[in-house]
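All chains should be built: construct the whole structure from the sequences, respecting the hints.
There are 2 protein chains.
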Amino acid sequence: MKQDRISSGNQEQQIKAYKKDADYSYTLGAFPTYELIKSMPNQVRKVLLDTSFTDQEHLKSLCREYQIPFEYNNKLITKLSDKENCYVAGIFEKYSCTMSADKPHIVLVNPSNMGNLGTILRTAVGFGIYDIAIILPGADIFNPKTIRGSMGALFKLNIHLYESYEEYRSEFPKHEVFTFMLNGEKTLTLQDCPKAELFALVFGNEATGLNDSFLTAGTSIFIPQSPDVDSLNLTIAVGIGAYAFMNR
Amino acid sequence: MKQDRISSGNQEQQIKAYKKDADYSYTLGAFPTYELIKSMPNQVRKVLLDTSFTDQEHLKSLCREYQIPFEYNNKLITKLSDKENCYVAGIFEKYSCTMSADKPHIVLVNPSNMGNLGTILRTAVGFGIYDIAIILPGADIFNPKTIRGSMGALFKLNIHLYESYEEYRSEFPKHEVFTFMLNGEKTLTLQDCPKAELFALVFGNEATGLNDSFLTAGTSIFIPQSPDVDSLNLTIAVGIGAYAFMNR
Chain C
1163 MKQDRISSGN QEQQIKAYKK DADYSYTLGA FPTYELIKSM PNQVRKVLLD
1213 TSFTDQEHLK SLCREYQIPF EYNNKLITKL SDKENCYVAG IFEKYSCTMS
1263 ADKPHIVLVN PSNMGNLGTI LRTAVGFGIY DIAIILPGAD IFNPKTIRGS
1313 MGALFKLNIH LYESYEEYRS EFPKHEVFTF MLNGEKTLTL QDCPKAELFA
1363 LVFGNEATGL NDSFLTAGTS IFIPQSPDVD SLNLTIAVGI GAYAFMNR
Chain W
1163 MKQDRISSGN QEQQIKAYKK DADYSYTLGA FPTYELIKSM PNQVRKVLLD
1213 TSFTDQEHLK SLCREYQIPF EYNNKLITKL SDKENCYVAG IFEKYSCTMS
1263 ADKPHIVLVN PSNMGNLGTI LRTAVGFGIY DIAIILPGAD IFNPKTIRGS
1313 MGALFKLNIH LYESYEEYRS EFPKHEVFTF MLNGEKTLTL QDCPKAELFA
1363 LVFGNEATGL NDSFLTAGTS IFIPQSPDVD SLNLTIAVGI GAYAFMNR
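Chains C and W supply the protein sequences, listed in that same order. Heads up, our numbering is the position in the first sequence plus 1162, with the first residue counted as 1. Heads up, our numbering is the position in the second sequence plus 1162, with the first residue counted as 1.
For the record, the hints were derived by calculation from the structure and aren't laboratory data. Treat the hints with caution; some may be incorrect.
Because identical chains share one entry, a pair is satisfied inside a single copy or across any pair of copies.
Below, computed lysine-lysine pairings styled on DSBU-like, alpha-carbon distance capped at 35 Å [said to hold, decoys possible]:
id : residue 1 : residue 2
1  : K1222     : K1357
2  : K1237     : K1348
3  : K1318     : K1348
4  : K1357     : K1241
5  : K1237     : K1307
6  : K1200     : K1348
7  : K1178     : K1348
8  : K1348     : K1222
9  : K1336     : K1222
10 : K1181     : K1222
11 : K1336     : K1237
12 : K1241     : K1336
13 : K1357     : K1181
14 : K1181     : K1348
15 : K1256     : K1241
16 : K1178     : K1336
17 : K1181     : K1307
18 : K1245     : K1357
19 : K1348     : K1245
Listed below in structure tokens is the structure:
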């Protein structure tokens, strides 16, 4: 008979509010916790449930299936979440990934907003791009706010952090590079999206975009937009780029 | 000689933290305040400046140009903004708009998140759609959070609120309707975006999407996406739809 690994609770003092340099983080809410368990079961330390959570049996049976310990701990969930209406949390070990050399990439240069980063990760998965490079400094991929923004899509991705664009590029020299810039040379239209076997779509930071050195890093792309806006939101630009290149 | 309308400050007791049923609202931050002044000068009651704002002369000369009173009031800005790093606010009268009968529309059915709504408004302007219907209940277009999310694009739009989709539709029966749904009939591809002279793109709420009655409201559209995500973020779906229909 399989035994539940129900945590005794004697470790709970160790779980603290999120810190960037800790070796663990956590999902908040049922949906991202399910995604964590199903995509990265070996990384999960334990699952916390609130006694008023309505879908307990489903979650507990999933924990049993993957031999993940669970624990009722309303107090710790409240402490971690800062929010009402959070009934589940999943504590997991941080991990690192390797990007696939033969798959399309999205490269985010210094993304600064965790909510935007989360939305971008969800969108990448939505359009079938599973390999993401983040050029540092950048928003923390394991911060619970990023995870929440991604709706747990983070756990389906190979994300790797690089100190510089050059470091990324030297590892993947074969990808055809497309840099998204307001002064991009090529206007992205539906009829005329570039065709490439293997590509990297490169996007800058929310406030500053990519600097002009990226004009010659590959083919620079302009998403046509009205002069009535300063620019498109970064998440929208990534969405359009990923949609266009993956559906051409 | 033109005289500055410098407010005496005796009205400042009347400006309070935002309320949905108040007849005024306010922009927070320089960028949306500039957009407000340039797009809707007649609606502006006054502009508030913090004494440490770095671009004072530019803002004051813009206020003079449009004969808008301005006032230094660090305390009131702090009270309204809840945030550090806010140095400008623009108090304005709420207003109502009429949608153009001969322009493309975006119809948002029960949008619930103010940040998302703001991003959608900015994206609509970005792709050249200036007429927006909101089917109630929906997030408050004049809430400062929506305005901030829109980066002031709100002030460039004709937004009208409707009690029901039927009310909207009876006013604009000639628009060809496209409803964006996960079970949409027609898959939106780059090569095959529907062509319509005059169209309305209809999107549902963040959590629930459009209900099945919208399958027969026009042509239902599915944006191709991986089964690895529950759905695309609403803002991304609107971005893809607006981009595809405006650039076909």
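### Task
Using 35 Å as the alpha carbon limit, work out where K1200 and K1348 are close: within a copy, between copies, both or neither.
Cα proximity of K1200 and K1348: across copies only (31 Å, versus 41 Å in one copy).
### Query
Between copies, within a copy, both or neither: which fits K1181 and K1222 at Cα up to 35 Å?
within (27 Å within a copy, 43 Å between copies)
### Intra/inter-copy verdict for K1222 and K1357 if alpha-carbon distance must be at most 35 Å
So K1222 and K1357 fail the 35 Å test inside a copy (47 Å) and across (50 Å) alike.
#### Entry: Status of K1348 relative to K1318 across identical chains (alpha carbons, at most 35 Å)
both (32 Å within a copy, 28 Å between copies)
### Task
Check K1178 against K1348 for me: Cα-Cα at most 35 Å, and say if that holds within a copy, between copies, both or neither.
neither (48 Å within a copy, 48 Å between copies)
### Query
When no copy is specified for K1336 and K1222, does a C-alpha distance of 35 Å or less occur within a copy, between copies, both, or neither?
Neither: 45 Å inside a chain and 53 Å across chains, both beyond 35 Å.
### Query
Is it within a copy, between copies, both, or neither that the alpha carbon of K1357 lies no farther than 35 Å from that of K1241?
neither (49 Å within a copy, 52 Å between copies)
### Query
How would you label the pair K1181, K1348 (within, between, both, or neither) given a Cα cut-off of 35 Å?
Answer is neither: 42 Å inside a copy and 46 Å across each miss the 35 Å cutoff.
### Message
I want to check one pair: K1336 and K1237. Are their C-alpha atoms no more than 35 Å apart within a copy, between two copies, both, or neither?
### Response
neither (51 Å within a copy, 56 Å between copies)
### Message
Checking an output row: K1357 and K1181, CA cutoff 35 Å. Within, between, both or neither?
### Response
Neither: 42 Å inside a copy, 51 Å across copies.
### Task
Indicate which option fits the pair K1178, K1336 if close means a Cα-Cα distance not exceeding 35 Å: within, between, both or neither.
The answer is neither: 43 Å in one copy and 58 Å across copies each exceed 35 Å.
### Task
Indicate which option fits the pair K1237, K1307 if close means a Cα-Cα distance not exceeding 35 Å: within, between, both or neither.
both (20 Å within a copy, 31 Å between copies)
Hint check: violations occur at hints 1, 2, 4, 7, 8, 9, 11, 12, 13, 14, 16, 18 and 19; the rest are consistent with the structure.
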